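There are 2 protein chains.
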Amino acid sequence: MDRADIPNVGPGEPAATIGALATPALLLDKDRLDRNLARLSSLMGRQGVVLRPHMKTAKSIDVAQRIYPSGAGPITVSTLAEAEYFAQHGFRDITYAVGLAPHTAERAMRLRKAGVDLKVLLDSREQAIILGAAARAAGVTPSAFIEIDCDGHRGGLTAEDSKLIAVAAAVAEAGVKIAGILTHAGESYGLCAPETLEAAAENERAVAVAAAARLRAAGHECPVVSVGSTPTAHFAEDLTGVTEMRAGVYMFLDLVMHGVGVCTTDDIAISVLATVIGKKPEKSWILVDAGWMALSRDRGTATQRVDQGYGLVCDVAGKIYPNLIVSQASQEHGILAIRPGSTQALPDLSIGAKVRILPNHACATASQHEWYNVISAGSDAIEARWPRMRGW
Amino acid sequence: MDRADIPNVGPGEPAATIGALATPALLLDKDRLDRNLARLSSLMGRQGVVLRPHMKTAKSIDVAQRIYPSGAGPITVSTLAEAEYFAQHGFRDITYAVGLAPHTAERAMRLRKAGVDLKVLLDSREQAIILGAAARAAGVTPSAFIEIDCDGHRGGLTAEDSKLIAVAAAVAEAGVKIAGILTHAGESYGLCAPETLEAAAENERAVAVAAAARLRAAGHECPVVSVGSTPTAHFAEDLTGVTEMRAGVYMFLDLVMHGVGVCTTDDIAISVLATVIGKKPEKSWILVDAGWMALSRDRGTATQRVDQGYGLVCDVAGKIYPNLIVSQASQEHGILAIRPGSTQALPDLSIGAKVRILPNHACATASQHEWYNVISAGSDAIEARWPRMRGW
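If you read the sequences in order, they're chains H and D.
FYI, our numbering numbers position 8 of the first sequence as 646, with every residue one higher than the one before it.
FYI, our numbering numbers position 226 of the second sequence as 864, with every residue one higher than the one before it.
Keep in mind the hints are simulated off the structure, nothing from the lab.
Please note: incorrect hints may appear among the correct ones.
[Stated by the list, open to error] Simulated pairs of lysine-lysine, DSSO-like, Cα-Cα distance not exceeding 27 Å:
| # | chain 1 | residue 1 | chain 2 | residue 2 |
| --- | --- | --- | --- | --- |
| 1 | H | Lys921 | H | Lys957 |
| 2 | D | Lys918 | D | Lys992 |
| 3 | H | Lys918 | D | Lys815 |
| 4 | H | Lys918 | D | Lys801 |
| 5 | D | Lys918 | H | Lys801 |
| 6 | H | Lys992 | H | Lys921 |
| 7 | H | Lys815 | D | Lys918 |
| 8 | H | Lys751 | H | Lys668 |
| 9 | H | Lys992 | H | Lys957 |
| 10 | D | Lys921 | D | Lys992 |
| 11 | D | Lys815 | D | Lys751 |
| 12 | H | Lys918 | H | Lys668 |
| 13 | H | Lys801 | D | Lys921 |
| 14 | H | Lys751 | H | Lys801 |
| 15 | D | Lys992 | H | Lys801 |
| 16 | H | Lys921 | D | Lys801 |
| 17 | H | Lys918 | H | Lys815 |
| 18 | D | Lys801 | H | Lys992 |
Please read these numbers as outputs of a predicted model, since none were measured by experiment.
All chains, please: the whole structure from these sequences, using the hints.
The structure is reproduced here in structure tokens:
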């Protein structure tokens, strides 16, 4: 037997239509993407705030070019591999919004040395010293944001922390330019009422502005006041004193964002195409070939008012089957079932029938796939295949 | 500025030592791997049962060659991309243990046409007809397992299902060779007492043997009686009538398998290397650069007696910090904290310090990474970098 007879491993030729795709496969509706991009861009334009999209959700130069059709603009990244990837594709104004360590400081300074205006993040004297040393070794002047904690979600110093001015002094002393302050209202993902979301946005703004004011009062420059999360970006009523907004999942949106109240299910731009591979009528189950490997293990809606299981099921054209969810997932199997408490009938789907599954968490689901199959609303055609980058 | 100055995107040169690795990074201890492989191989040898390892966990030819150092042996796969990958690397005896659909039937028959003895799985007359048509179109004789449901976990027909003999007849009528019956005791992952695990293994065996007996009594051949799950593989006391065992996660093991009682934490062969990037002493938190992107969203221990959060934390040499877990995870951040209820002190770790995180679910965590950094117990050296395949 000739090994050349064995089909090649790899993506193969792009499929022409949704019906011709091998499943599971990630679909990206570019019309919905464009609509989501335009919505937040318009909101931020009205507020006079720079939008610095977080590319951790899409990890795709094609999506970035959809955001910036006439040339690279400011972006946020979650890994230095993303920074290198987008820099290779011409992006120069990049914020790496994860706290610095020695190995990332060195790697970030190599990018800076190559002419990329890469800003890094820190919240301690230790990190300022590490960054200063890496910058001196590379022969560059680094630029760092001081991370501010606005809601107890993760890292950063509170605006009133007694260490804030000492950290700023350590940054300056280490020869590092203070880019500004940066905060993230991560706790807003757990909210669902417009009033509390507006309050979270106002808190994020107020804390950021207060921290910037403290730095300035201590004699430091603080040109950028950077805030951001998809929920607060959409619910902020006033952004006075804020200069830029970061958001990522707003591009695609997802069931968690729907549960928060940021969007309708019709706004969700990505879905996982799956095929029916079995039926268990005695249990009212339909088995599909999308398990957690295709959907991710994310169960972000489990703590929301409506638990969507591992995803909400639509027909192949994208129309939701009311109350049909992926109730269980193993590695390559999903079990479709009617939501507990509903009397909805299970749709009659044959072996080989295709469905689309809306994801709980777009960042997590997209990361399980190597590329986006790009479609337009109402069409069966696959218009493009946009690769995703991954790794660190 | 010359784009050539920007560091290349991609894996770069392999690191020589654990200390030189960019983090997060996946470590694979080959001594623990070998010990886990030898343990189950020896158990199955004593039972006189063929072990058909499930490659969905490792997705690596290097791991497969560790299992079969002197040439390819029988394997199980969860995707046809895995089947093609292992076939390209010389494997010929492959079972694709996920239910068949039209597009996978055609693709599977192309592999069969290329000389790979690829067995497929079905549990319905519809699938038998689909497979027969695909096989005729390809000019090959297909071989299929009939899936049996031993514990209500997922797909398959029960051993006493009235449709079982009709499906076997449809398979034969479609010109398909019956490879045998195949079942998976998926519910065993939810157990934790030796007696119930032994009972689950005996139930899996008894159901499989009963189904095979019904097929044979109806005049069908049923050469292979295939069972398997890592818990039942380790707790089976008697496998009379069973001809082969499938298991996957046994290679690496993980915290879920530890919670089930299959292994000790010292048997777990993979871990995620992470770096300290922040500290929140007022909350007793340490922040590391391994979030769910590096660890996966799997929370499989949440329903076990001991909830390990997103993973159990060890020092860089692999020694467990008692009660230190990844209590929360966002995309690229993990929060280390002492397990609720424990009075253990938080270790004193500086920015840049490295830790290793034992995963809840080896299949899910490994799938977040592009390669294994191969180490030996007690050594700091990276001995090899073994790539993983992915996709469908």
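Against the structure, the hints come out as follows:
no.: 1; hint: H/Lys921 x H/Lys957; in the structure: 24 Å, holds
no.: 2; hint: D/Lys918 x D/Lys992; in the structure: 17 Å, holds
no.: 3; hint: H/Lys918 x D/Lys815; in the structure: 24 Å, holds
no.: 4; hint: H/Lys918 x D/Lys801; in the structure: 12 Å, holds
no.: 5; hint: D/Lys918 x H/Lys801; in the structure: 12 Å, holds
no.: 6; hint: H/Lys992 x H/Lys921; in the structure: 20 Å, holds
no.: 7; hint: H/Lys815 x D/Lys918; in the structure: 24 Å, holds
no.: 8; hint: H/Lys751 x H/Lys668; in the structure: 36 Å, violated
no.: 9; hint: H/Lys992 x H/Lys957; in the structure: 12 Å, holds
no.: 10; hint: D/Lys921 x D/Lys992; in the structure: 20 Å, holds
no.: 11; hint: D/Lys815 x D/Lys751; in the structure: 15 Å, holds
no.: 12; hint: H/Lys918 x H/Lys668; in the structure: 35 Å, violated
no.: 13; hint: H/Lys801 x D/Lys921; in the structure: 16 Å, holds
no.: 14; hint: H/Lys751 x H/Lys801; in the structure: 30 Å, violated
no.: 15; hint: D/Lys992 x H/Lys801; in the structure: 25 Å, holds
no.: 16; hint: H/Lys921 x D/Lys801; in the structure: 16 Å, holds
no.: 17; hint: H/Lys918 x H/Lys815; in the structure: 63 Å, violated
no.: 18; hint: D/Lys801 x H/Lys992; in the structure: 25 Å, holds
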